[in-house]
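Peer 1: Sequence:
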Amino acid sequence: IAIQSAYRGSVERKRFSEEKHRNDSAIALQRSYRSFAASSAYARQRSSSIAIQSAYRGSVERKRFSEEKHRNDSAIALQRSYRSFAASSAYARQRSSSIAIQSAY
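To convert, note that position 92 of the sequence shown is 92 in this note's numbering; the numbers rise steadily by one, no gaps.
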């Protein structure tokens, strides 16, 4: 009976050890999968966030550029009008001065 009991104990300890090893292996595999799944989900989320931010920043920058171009075009039109007015005024003064000088002689 003592030998039988020792044998059964040995067999049971071996079975328990194998079961514990399978259990530990399954837990390690699950842990690895969950880690991989979480990192993959994070990478997708990060990539999506970057794409959204990039699109938003691009939109804001295009709008800012458009407004800046409009302001520049307006400033150029004002400068063109002023320079044209100044040139025609200077020409008119020179012309009237020339006529006055020529009519005096």
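Careful: at least some of the hints might be erroneous.
Derived pair list, reagent style SDA-like, types lysine to any residue, alpha-carbon separation capped at 20 Å [said to hold, decoys possible]:
#1 Lys20 x Ala2
#2 Lys20 x Arg31
#3 Lys20 x Phe36
#4 Lys63 x Asp73
#5 Lys69 x Gln53
#6 Lys20 x Gly9
#7 Lys20 x Gln30
#8 Lys20 x Ser10
#9 Lys20 x Ala38
#10 Lys63 x Ser81
#11 Lys69 x Ile52
#12 Lys69 x Ser59
None of these hints come from the bench; they were simulated from the model.
Peer 1: Decide, hint by hint, whether the structure agrees.
Peer 2: Verification of the supplied hints:
1. Lys20 x Ala2: violated, 26 Å
2. Lys20 x Arg31: Judged against 20 Å, a Cα distance of about 16 Å means the pair holds.
3. Lys20 x Phe36: violated, 24 Å
4. Lys63 x Asp73: holds, 15 Å
5. Lys69 x Gln53: violated, 24 Å
6. Lys20 x Gly9: Since the Cα atoms of Lys20 and Gly9 sit roughly 16 Å apart, the hinted pair holds (cutoff 20 Å).
7. Lys20 x Gln30: holds, 15 Å
8. Lys20 x Ser10: Given pair Lys20, Ser10 holds - Cα atoms ~15 Å apart, limit 20 Å.
9. Lys20 x Ala38: violated, 26 Å
10. Lys63 x Ser81: violated, 27 Å
11. Lys69 x Ile52: violated, 26 Å
12. Lys69 x Ser59: holds, 15 Å
When held up to the earlier numbered hints, the structure conflicts with 1, 3, 5, 9, 10, 11 and fits the remainder.
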